[in-house]
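Number of protein chains: 2
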Amino acid sequence: MSQEPIIIGAGVIGLSIGWHLTQLGFKPLVIDQGLAGQETSWAAAGMVTPASEIRFGEKHLTDFFLDALHAYPAFVSAIEKISGIKTDFQQNGSLLVAIDVDDEAELTRIYDYQKELGLDVSWLSEEQALLKEPLLSKGCHGFVNAPHECHIDNRKLTLALAKAFEVGGGKLVESKKVEALHVENGRVKEITVGNETMAATCVVLATGTRSNIKGLPEILSQILRPIKGQALCLRHGDTPTLKHAVRTIHRYPVYLVPRADGRLIIGASNEEKGWDALPTAGNMLDLIYGAWKVLPLAYEMEFVETWVGHRAATRDHSPVVGPTEIEGLYTALGMYRHGIMLSPLVGKIMAERIAKGVESKYESFLNLKRFL
Amino acid sequence: MSQEPIIIGAGVIGLSIGWHLTQLGFKPLVIDQGLAGQETSWAAAGMVTPASEIRFGEKHLTDFFLDALHAYPAFVSAIEKISGIKTDFQQNGSLLVAIDVDDEAELTRIYDYQKELGLDVSWLSEEQALLKEPLLSKGCHGFVNAPHECHIDNRKLTLALAKAFEVGGGKLVESKKVEALHVENGRVKEITVGNETMAATCVVLATGTRSNIKGLPEILSQILRPIKGQALCLRHGDTPTLKHAVRTIHRYPVYLVPRADGRLIIGASNEEKGWDALPTAGNMLDLIYGAWKVLPLAYEMEFVETWVGHRAATRDHSPVVGPTEIEGLYTALGMYRHGIMLSPLVGKIMAERIAKGVESKYESFLNLKRFL
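The listed protein sequences derive, respectively, from chains A and B.
Anchor point for the first sequence: position 338 equals 344 in our numbering, and the numbering is continuous, going up by one each time.
Anchor point for the second sequence: position 30 equals 36 in our numbering, and the numbering is continuous, going up by one each time.
Hints listed in this document are in silico derivations from the structure and should not be mistaken for laboratory results.
Treat the hints loosely; a few may be bogus.
Any copy, or any two copies together, can satisfy a pair, since identical chains are not distinguished.
Said to hold, decoys possible - Straight-line Cα separation of at most 20 Å, EDC-like style, residue types lysine to aspartate or glutamate; simulated pairs:
#, residue 1, residue 2
1, K279, E308
2, K195, E180
3, K92, D126
4, K279, E306
5, K220, D322
6, K162, D244
7, K195, E306
8, K299, E133
9, K299, E132
10, K220, E331
11, K144, E331
12, K279, E132
13, K220, D108
14, K182, E172
15, K33, E172
16, K362, E202
17, K144, E224
18, K183, E86
19, K33, D282
20, K367, E64
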């Protein structure tokens with residue numbers, strides 16, 4: 007390869023690909039039109055919880071998510087060591103909670119499917135669950151424990167990743183927009199950054215929802231869309247309220263992810279509203295209500311902030327990770343709700359694809375070709 | 007009087023007293039430890055709605071509130087003219103809404119009492135109410151219209167009042183704390199401001215919840231307490247969502263006060279939490295829920311901000327307005343939820359008390375003596 011790889015987008019996906027490439031001897035360039043990790047990666051909550059992300063009929067994705075979970079501890083350990091930045095990574099399990107009898111029926115169905123897929127989960131009694139999480143509401147109707155699942159402070163992760171990437175020899179360029187991709191004879195030749203043109207033989211699109219670059223295959227704009235998510239942060243003093251990531255399957259579904267400093271992230275809406283970026287009263291109502299049902303203390307907690315993010319989803323809600331029809335052009339797009347969870351694995355398989363031409367076992371269902 | 011009157015506290019009450027004094031030929035000094043109008047006056051919503059503020063057994067207060075309402079239009083007109091600042095004053099009535107059948111029973115009881123007191127109110131059919139406010143929830147169970155009640159942008163009012171006061175020859179000193187009051191032979195002699203001492207023969211305490219001044223009668227600290235209130239602001243584009251101030255008597259009671267620029271103020275909690283100033287998730291839940299019940303559009307509205315204020319309440323929830331046992335020392339304290347509404351009338355009666363020795367007809371029940 008005549009030039010170093012160029013990665014467009016400095017979210018956790020772009021940075022992880024970049025960092026993995028540094029570990030394979032490359033000095034890649036990561037370019038972001040804004041600041042590293044400040045968009046979708048920043049808006050996330052930091053759940054690494056494949057068991058509660060299963061969807062009926064998506065077994066292939068669940069396998070992919072499980073591999074992502076298994077890749078996490080070693081990845082975080084390396085990133086923390088190289089960067090010197092702690093990420094509040096906790097691998098002590100997650101809980102999926104049924105609040106009422108309707109939820110219980112649904113949770114039973116999910117649990118049966120989780121067991122069918124061979125997931126490492128167990129059904130807890132209320133006594134067992136309250137021993138793990140004493141602040142949960144009394145009288146809930148079911149608890150599924152996934153004892154090896156994780157959560158992380160995603161904002162700290164982005165900082166640590168950016169640092170580790172640079173320590174590894176990568177070059178991070180922020181606040182520069184890639185305007186165009188130039189292709190010649192079916193292969194990548196140059197990119198235009200601002201007014202400058204730069205030779206390029208290997209370009210990875212890790213642009214998330216921001217893909218307005220001239221010269222990209224038209225199919226990308228047809229399959230990707232932003233899904234608005236609103237979340238909020240509460241606080242109760244400076245010690246964590248929960249020990250685990252907790253998710254409900256209530257009709258007001260929420261997840262609650264504790265932070266080491268006493269904050270609690272509560273998320274998130276899934277709204278088909280395009281680029282709309284306004285926080286709404288109704289979303290706050292639903293999120294706080296859902297959180298209150300499972301964690302009564304939430305009622306008294308300080309309201310710290312609310313924010314809006316946009317997830318990049320494909321038409322089938324699976325990522326597009328792999329090469330494209332243009333030689334030298336790769337995509338790592340469409341992570342939807344799973345960007346934080348997938349970042350170690352997608353970083354690794356993309357780096358190996360670029361460096362060694364290794365086709366991952368997931369490529370068949372993650373390839374852009376499926377939409378052509 | 008050998009010196010000009012000194013008013014401590016530049017909220018709407020202190021500024022109104024000051025402005026009324028300028029209209030009687032004085033050049034008073036108003037001192038505030040912070041910025042004019044930035045505490046409780048800022049945190050309010052701007053309702054001037056005595057009919058929905060009635061409490062059984064408080065007929066004397068209702069009369070006082072009604073006189074305050076009647077004083078409003080001329081007061082605002084004068085203040086706006088002198089200051090050149092518009093206050094979004096609207097005198098087009100307010101609505102009190104029963105959302106469900108329980109509310110209806112309670113609203114009926116309130117309405118009967120309002121009529122017994124001779125208030126200018128009428129019961130509207132749903133059709134009549136929706137003609138006035140088409141965005142209200144369909145299927146509400148009762149509406150009381152108080153056609154001559156008002157609302158105002160209280161933040162603009164504080165700005166206009168401060169300006170009118172200065173135009174009238176008053177002197178406003180901000181960010182200076184009055185440390186002590188010095189009394190000699192039963193009459194006010196001096197005040198200490200920072201490190202300086204200043205001669206004083208007439209001092210008005212309009213300090214709201216901030217009364218930590220040495221030398222004050224001890225009774226004041228015994229009868230006054232802060233009552234925490236949380237409110238929030240939503241927005242729906244740049245045109246008002248409602249025309250009137252709307253209040254519910256639901257078990258999640260709220261008021262909704264529109265602003266000319268499309269904002270909507272929703273308030274407010276009444277919490278006995280001392281000086282606690284943290285916004286809480288539970289309060290947002292209750293306020294948004296209450297607002298949503300009466301105005302379904304609230305669900306989709308942008309969440310703009312939330313804030314916390316502290317109202318100064320006395321033990322019997324009536325103000326203490328008038329002279330004290332110390333000659334030259336007056337109080338205009340304990341306005342509780344009614345500071346914006348009472349500002350024209352309290353300003354007027356206090357100015358006349360100071361300038362002419364006129365005892366107001368309310369003095370018997372507003373006097374500090376009742377607590378001695």
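Violated hints - listed by number, lowest first: As far as the earlier hints go, 2, 3, 5, 7, 11, 12, 13, 16, 17, 18, 19 are violated by this structure, in ascending order.
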